[in-house]
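Asker: Top line first, the protein sequences correspond to chains A and B.
Position 198 (the first sequence) corresponds to 198 in UniProt numbering; numbering is contiguous.
Position 117 (the second sequence) corresponds to 117 in UniProt numbering; numbering is contiguous.
Incorrect hints may appear among the rest.
[What the hints assert, rightly or not] Cut-off 30 angstroms, straight-line C-alpha distance, at most; resulting in silico cross-link-like pairs (DSS-like, lysine-lysine):
no., chain 1, residue 1, chain 2, residue 2
1, B, K403, B, K377
2, B, K377, A, K33
3, A, K377, B, K377
Calculated directly from the structure, the hints in this document are not laboratory data.
One letter stands for each residue in the lines below.
Protein chains: 2
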Amino acid sequence: MTPATISPLAPKSFPAMPALDGVRIATAKAGIKYRDRTDLLAVMFAAGTTVAGVLTTSKCPSAPVELCRENLPGGRARILVVNAGNANAFTGKKGRHTTSVATRSAADALGCAQSEVFLSSTGVIGEPLDPSHFERHLSGMVESAAGDRWNDAAHAIMTTDTFPKMFTKSVALGDATVTINGIAKGAGMIAPDMATMLAYVATDAPLSAEVLQALLSMHVGETFNAVTVDSDTSTSDTLLAFATGTARARGAPPIDSPDDPRLEAFSAVFAECLRDLAIMIARDGEGARKLVRVEVTGAVSDASARRIAMSIANSPLVKTAVAGEDANWGRVVMAVGKAGEPADRDLLAIRFGDILVASEGERSEGYSEAETSAYMKRDEIVIGVDIGLGEGRFTAWTCDLTKEYVAINGDYRS
Amino acid sequence: MTPATISPLAPKSFPAMPALDGVRIATAKAGIKYRDRTDLLAVMFAAGTTVAGVLTTSKCPSAPVELCRENLPGGRARILVVNAGNANAFTGKKGRHTTSVATRSAADALGCAQSEVFLSSTGVIGEPLDPSHFERHLSGMVESAAGDRWNDAAHAIMTTDTFPKMFTKSVALGDATVTINGIAKGAGMIAPDMATMLAYVATDAPLSAEVLQALLSMHVGETFNAVTVDSDTSTSDTLLAFATGTARARGAPPIDSPDDPRLEAFSAVFAECLRDLAIMIARDGEGARKLVRVEVTGAVSDASARRIAMSIANSPLVKTAVAGEDANWGRVVMAVGKAGEPADRDLLAIRFGDILVASEGERSEGYSEAETSAYMKRDEIVIGVDIGLGEGRFTAWTCDLTKEYVAINGDYRS
């Protein structure tokens with residue numbers, strides 16, 4: 001692996017992540033694959049913490065994804081363990097042995113039920129993951145954990161990420177103020193319809209597991225499932241949300257129904273958290289130098305708009321054109337055409353930013369190559385496509401496809 | 001555009017293309033986009049020539065594709081006109097004006113009906129194509145055409161192709177010998193489900209248009225529609241087949257039914273022609289340095305096997321790993337998993353060439369990294385995946401994804 005320089009699209013500053021009541025964090029250098037960096041994360045939650053999640057739809061999921069799928073229906077979490085460097089995917093019986101050792105080690109260290117343990121692994125597929133890493137480190141991590149280590153947590157789960165992805169915001173819930181913290185890792189192998197990479201959101205709000213799950217389901221489609229780096233979908237994509245409920249002691253009302261009107265502001269910030277983390281993942285796509293927002297309007301339905309937007313966002317020819325700062329809107333037409341959704345060539349309108357480049361099936365009258373080329377030099381590009389048939393709309397995010405993507409992925413294992 | 005060096009996967013030699021009775025060819029330097037090379041092709045057919053075709057399924061097809069779609073039901077062809085450098089796609093009314101001028105010029109020059117004219121254009125999308133190129137050149141081309149110019153024809157239709165794609169073979173039909181000649185151009189924007197790029201097949205066999213169409217339909221799925229370079233689908237993909245029937249004078253029997261048993265040997269060579277041209281297109285994928293054959297077996301159906309094979313063949317992560325000579329079979333598992341087809345991780349077996357790298361959900365016992373790495377250095381790689389569930393099988397062809405692909409496509413218009 002080539003040491004990566006920080007993405008030019010990285011945020012200019014990172015938030016100071018506050019401790020959350022009921023959440024303690026520890027990281028360790030387990031040496032699973034990387035040397036001289038943390039690669040193991042444990043997050044401990046107060047008793048009574050609820051959990052919900054969205055997992056990869058891959059037909060070949062990793063062993064930790066299967067463990068999460070088993071434990072999610074219980075709705076309770078006490079500890080999350082994440083390692084970087086090895087995905088424990090396609091590792092057969094050995095992989096299941098490793099997750100069971102890790103689960104038992106975590107449950108023993110903290111003194112909780114095995115059903116309250118959640119695991120994620122990210123990295124190379126197909127290499128056995130030595131269970132002794134978990135046996136050796138988890139007790140010490142549980143002992144030494146502290147609340148103010150969200151920044152450490154975001155670093156420990158990185159693989160080819162070039163910057164840590166973090167979000168924090170406070171919001172009113174009833175008469176109390178609660179906080180939402182989130183971290184994520186992304187980079188390659190990122191695409192919709194499973195499209196969750198690894199992301200963890202925690203709040204001190206007292207929300208039932210059902211409410212948490214409803215919030216995830218409501219918002220994941222337009223956030224994590226609207227981001228694609230390379231159309232590839234991981235065996236390990238995992239998005240988990242945890243609610244410690246500790247804000248109840250400060251007067252926050254317990255919320256047991258997703259329809260509770262007191263949830264409105266919280267829901268908006270929760271969505272913002274998912275969206276911000278998801279966009280940070282596109283900003284840190286392997287080799288990315290430009291962030292691309294694809295806005296499709298006028299499709300026959302939102303679902304149709306989504307498929308068209310993803311066809312554009314996943315097109316290698318569109319993405320290489322953006323990398324080359326080439327306003328090649330003809331390739332946008334191609335990607336609309338191949339989506340297989342209702343579209344009438346002669347009603348299409350295409351914009352780069354505010355510049356109308358094509359309408360009614362041909363290049364726009366006032367098209368200026370110089371103006372459009374200048375626009376393409378920006379590091380954030382908006383491709384707007386109006387299908388002209390209906391009211392359906394969807395916005396997708398992606399990044400450009402550069403030689404660096406190929407270089408990074410050509411020798412990832414070595 | 002960077003001048004391309006010839007693909008390392010190019011055939012070591014090219015066939016000597018024989019003239020076909022009833023086919024005359026002319027090329028010209030029209031200066032449509034390129035300088036100092038031919039970019040305009042006219043192929044004239046004897047009266048009575050039948051035609052069949054498969055056209056892009058893009059919802060935003062080019063103007064020439066629409067013209068072919070109009071004229072194909074007539075089943076008769078006298079002249080094919082192809083230009084390189086400008087696709088005449090997404091050019092609105094101007095585009096339709098250009099095709100109508102080109103059609104009229106061709107019909108006038110040859111003295112045939114406009115319904116017997118077929119057009120293709122390949123190159124940049126969205127730029128108006130000046131109709132005067134056709135007005136200026138077609139009469140002269142019709143006059144100067146000759147039979148022994150198949151090699152010239154294959155060159156004139158190239159865009160980012162690094163070598164001309166040609167096929168010829170003779171085969172018995174009844175007591176006579178007939179010949180099948182084919183040419184194609186490919187490179188980028190190539191993917192299945194329209195996946196035909198530009199390809200033209202001609203024979204002197206006396207086949208009805210219905211028979212020709214049946215042959216195309218029978219064989220296109222496992223040939224042109226089994227090849228992908230980058231998952232992108234052109235607005236202009238066109239595969240046309242022409243039968244002059246001139247071999248009838250030498251005793252070849254007219255074939256009017258696709259079920260005629262005398263067609264068997266011909267059908268096999270026709271399929272070979274389509275397959276060879278299609279694989280040459282994968283060999284000349286933009287930036288390609290390795291040809292990849294993806295063989296899926298054991299799927300629940302052939303259709304399911306096809307979707308899994310295409311998921312692997314289109315995966316940027318699989319294709320960059322091949323470019324990096326990395327036996328990253330974990331990414332093959334990922335691509336199987338994301339295909340959405342029935343698959344049981346613990347029944348999967350994966351081979352690189354003859355080397356079993358994984359079976360029963362984990363790395364194979366006898367796996368040797370050294371042996372597999374040595375295999376990956378070859379310039380033709382076979383990825384074999386057995387799903388272990390049924391009898392469905394499909395073979396797809398693709399190429400690796402290299403930095404050169406990105407370079408070529410980052411500045412195509414400039």
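Asker: Next step is simple, just say for each hint if it's right about the structure.
Answerer: Hints, one by one, checked against the model:
{"no.": "1", "hint": "K403(B) to K377(B)", "result": "holds, 17 angstroms"}
{"no.": "2", "hint": "K377(B) to K33(A)", "result": "holds, 25 angstroms"}
{"no.": "3", "hint": "K377(A) to K377(B)", "result": "violated, 38 angstroms"}
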